[in-house]
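Undergrad: Residues per chain, in single letters:
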Amino acid sequence: MSSFNAIVPMSCVTAAAIAAMIAEAFRAPGERMPIGPLGAIGLAGAAISSALLWKDGASSFGVVVADKFGLFVTFILILVGVLSLAISEPTIDRERLPRGEYYALMLFALAGMMLMATATDLLIIFLALEVLSLAVYVLTGIRRDHALAAEGALKYFLLGAFSSAFFLYGIAFTYGLTGSTRLDRIGSLMAAQAMAPTPMQLLAVGLLLVGFAFKVSAVPFHMWTPDAYEAAPPAITGFMSTGVKAAAFAAFVRVFLAAFEPLRPSWSLILWIVTAATMIVGTVVGVSQSSVKRMLAYSSIAHGGYLLLAVLAANDIGKAAVLFYLLTYAVTNIGAFGVISVLENTDQPNDRVRDYAGLWSTHPTLAGLMTIFLLSLGGFPPMAGFIAKWYVFSAAVNRGYTGLAIIGVLTSVISVFFYLRIIVMMYMTTTDTPARVPPIPRMAGLALIVSAILVFYLGILPTRVLDWAVASIATIF
Amino acid sequence: MTFPILTSLIALPVVGAVLLLFVRDEEKNEPLIRNIALIVSVLVFAETLLLWTRFNPLSADFQFVERHAWIPAFGIDYFVGVDGISLLLLVLTGFLTPIALLSSWESVHKRLRMFCVFILLLESAMIGVFVSLDLFLFYVFWDAMLVPMYFLIGIWGYDRRIYAAVKFILYTMAGSVLMLLAILGLAYLHSEATGGYSFDLLKLYAIDVPRPQQFWFFLAFALAFAIKVPLFPFHTWLPDAHVEAPTAGSVILAGVLLKMGTYGLVRFAFPLFPEAASFFAPYLAGLAVIGIIYGALVAMVQPDMKKLVAYSSVSHLGFVVLGIAAMNTQGVQGAVYQMLNHGISTGGLFLIVGMLSDRRHTRLISEYGGLKNVVPRLVAVFFLITLSSIGLPGLNGFVGEFLILLGAFRWDPRFAALAATGVILSATYMLWMFQRVNYGPVTNEKNASLQDLQPREWLVIVPIVAVAILMGVFPNLFLKPIEPSVNKTIGQVSQRSSRRLQAGNSDSGSRNSASIPRSTFHIPR
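Just so you know, the sequences run in chain order H and D. Per this note's numbering, the very first residue in the first sequence carries number 2; after that it's consecutive. Per this note's numbering, the very first residue in the second sequence carries number 168; after that it's consecutive.
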């Protein structure tokens with residue numbers, strides 16, 4: 002029972018994080034150390050151990066379960082980690098960020114995310130949530146001399162702490178009702194009283210929902226997102242917009258579709274409204290943004306809405322759709338933020354939409370990559386985003402959420418409008434003062450190309466990954 | 168195993184495009200780039216002709232069928248095939264693409280390589296749309312096609328190109344996403360009926376869609392196609408896109424892209440939802456007739472030649488939709504024929520306008536006048552194509568319009584009578600424009616020194632004129648392969664809709680009508 006196998010992947014990452022911290026501490030000033038590769042080694046270890054666990058799964062202490070669902074999310078997180086490490090290098094050099102701390106925090110956040118994806122106990126989920134949140138708060142504000150960074154990080158931290166309190170309060174009520182924090186026991190006890198839910202139960206569900214809604218930046222708990230995304234260095238924004246989302250949605254699915262599934266009639270209406278509002282606000286407000294990072298922040302809110310739609314549909318297609326969507330979103334969004342991060346200059350953030358004018362003439366490859374990522378976010382075939390959206394909408398139609406599906410497809414048309422704005426700038430506008438772009442570092446360029454290839458691979462030959470996603474949801478629900 | 172000819176048709180332009188990406192985009196490589204693109208597109212055309220010769224014109228079934236599992240979990244197949252309806256549209260696509268490339272020989276120098284890449288990608292997607300027999304695959308090509316066209320308009324277009332490009336893509340997407348939901352709904356119905364998802368068109372033809380769903384699905388499909396056609400109130404993107412697009416883009420847009428809407432109506436909307444189709448057919452026909460007359464009237468007052476041709480497209484495609492709505496042999500056959508005609512004659516008109524605007528950098532009718540004395544050869548081909556667009560007997564336009572009016576008359580004479588006024592109006596606006604541009608004295612001295620047709624331009628325009636005459640004189644050559652498939656489609660629609668209506672009249676225990684409230688729609692009997 003209490004084997005350690007299930008926690009091996011996150012232990013590898015934690016070990017790498019500790020090694021990064023020690024290396025930073027013993028580093029002579031000015032000495033260059035390969036701390037990034039250290040993280041890559043840790044992630045490789047996590048990948049290998051997860052692959053070994055894939056077939057049989059494992060459970061540690063009864064609170065961490067490495068089932069296929071958790072492992073699929075772990076793989077997504079490893080991918081997020083590797084790509085983020087690769088695109089971080091130029092940012093660190095340019096901004097003179099503390100290298101060891103940066104990598105250590107990123108790796109600790111990843112360990113927390115992995116724990117969150119595999120935890121089956123509310124307290125462990127909370128613990129994981131705090132581990133990842135604290136690391137991400139600091140990363141958001143890692144550009145210490147930057148006024149915006151301080152503001153965004155503080156906002157994120159205050160609101161995040163507030164939502165953690167909600168979450169913890171929800172756990173307390175749940176414990177009071179059921180005498181347990183284990184998801185399986187909560188589920189069976191809830192099922193027994195599902196016919197007439199008590200106000201206490203509803204309160205517990207509502208508080209937990211608020212906690213999750215904050216982490217996945219669902220409307221109306223999305224206010225922090227644009228500020229935090231704008232404040233953080235683009236590499237970090239890519240990391241947190243994909244990693245935190247993946248971990249939070251994994252836990253969301255586990256808690257709501259397993260433990261609180263019996264109470265579905267009570268929470269489905271609220272979630273319906275939240276989903277619709279998230280899709281609409283994310284796209285409509287996104288249209289009026291002039292900063293690319295803020296625009297992508299609203300796009301990320303809208304994508305959260307599509308994921309919520311899949312959670313709400315919650316049939317077998319819906320659950321697998323969540324996993325597939327998280328994967329494609331991770332690959333695509335890190336790619337987009339990767340392009341933003343290589344465009345960034347020390348004296349020029351190049352973050353306005355108009356800074357992209359004429360990029361096609363000066364950097365055709367970069368413009369082409371950005372186009373691929375944006376079209377994928379907009380859901381054009383043959384990119385991955387199309388298959389992911391199609392999957393979500395088929396789950397919704399199948400379950401009878403046609404109204405939400407219609408809102409979903411129409412908002413995705415609106416979102417195409419703002420993705421196209423950047424493409425219009427890059428290809429169809431000329432400028433006398435093209436943005437000066439620093440040379441593209443090799444690792445970052447490689448990561449971008451890998452992301453682009455994955456975007457096409459998942460869009461054209463999705464079968465294998467879809468099969469994995471389907472197999473993943475078969476194990477727990 | 169036989170040679171996968173349809174796959175090679177889809178793949179060949181993509182291969183050409185990838186090949187082009189390896190050529191450096193420099194001035195000295197220009198001829199190389201043009202030649203690669205041209206050779207690839209000519210090869211594609213040759214292959215479509217080969218397809219035509221090997222096609223069995225007596226069979227109504229899909230031929231050259233290829234099927235491979237693509238996403239088995241959802242019953243999505245890579246499933247392609249052609250029948251008589253799609254065959255000639257493929258040939259048209261193959262025919263117009265090299266012409267479009269040739270027409271841009273002089274006018275496009277900026278970023279030539281990507282221009283050719285986008286044209287080739289567009290060709291591949293268009294072919295894909297016409298051969299897909301799996302609804303998912305169809306939707307993939309349908310949506311994928313928007314991107315290269317968007318770039319073609321947005322990068323190489325005229326002054327208001329960005330506005331036109333964004334409008335084009337948003338309009339078309341807004342229509343098609345609802346179709347996506349309807350496709351998903353259909354697949355879901357299939358899984359309820361048989362236990363497995365499928366997007367296979369032939370299997371979906373066979374399921375009985377319950378009445379309320381049938382109506383909603385038909386509306387979703389029809390909206391997507393009506394925007395593409397474009398049918399009357401949804402046409403506003405078209406003049407912008409046409410006018411701002413570069414000549415090659417306009418030729419392909421008018422020649423092939425618009426046909427996808429009408430093709431979709433024949434292939435998908437009508438046979439999949441026959442009952443809803445027969446209910447909505449009069450409304451579609453009504454919009455089509457409004458489009459015929461409205462398009463013609465608006466075309467008449469355009470000061471810009473390209474805009475005039477664009478509005479004439481609205482009018483001409485109204486005829487096509489009218490023929491489809493009639494759903495009898497003459498009507499649908501005429502509609503398919505008219506799709507080809509419109510591709511040839513409007514494509515030709517855009518080429519001529521492109522040639523004039525290359526010379527004078529204006530498309531305003533008032534800037535021209537008396538061209539007949541300056542460029543007699545150009546005016547001669549202009550005249551032939553104008554006549555073909557009007558529908559003079561002996562040229563292609565006549566056959567299609569005649570068949571459509573015949574079919575419409577057999578169905579409902581009122582529509583035929585109203586549509587026939589469109590024929591007269593089209594003669595008015597085309598000939599009036601022709602007269603103002605070509606006859607009279609040379610009023611503007613800039614016109615006095617225009618060059619007549621260049622050898623390259625002969626190469627571009629002669630095939631169009633030749634095909635226009637060929638289609639006018641030997642219509643049976645083209646109508647023959649169309650006929651069996653048309654009859655089969657009509658059979659599917661009428662048989663199933665009448666069967667369903669009979670069942671609906673005498674029903675009491677039938678599953679669909681018993682379980683689903685009937686109040687949503689009333690079908691007039």
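There's no promise every hint is true.
Listed next, the stretches of chain D that the computed footprint assigns to chain H, with coverage defined by at least 3 CB atoms under 8 Å from CB atoms of chain H [unchecked claim]:
{"no.": "1", "region": "256-270"}
{"no.": "2", "region": "344-354"}
Sample of chain D residues at the chain H side, in silico, Cβ under 10 Å [what the hints assert, rightly or not]:
{"no.": "3", "residue": "226"}
{"no.": "4", "residue": "229"}
{"no.": "5", "residue": "231"}
{"no.": "6", "residue": "303"}
{"no.": "7", "residue": "310"}
{"no.": "8", "residue": "337"}
{"no.": "9", "residue": "341"}
Quick caveat, the hints were computed from the structure, so don't treat them as lab data. C-beta atoms are modelled at their ideal positions from N, C-alpha and C, and glycine is treated no differently.
Undergrad: Against the earlier hints, flag every one the structure doesn't satisfy and list their numbers going up.
TA: Numbers 1, 3, 4 and 5 - these are the hints that the structure violates, sorted from lowest upward.
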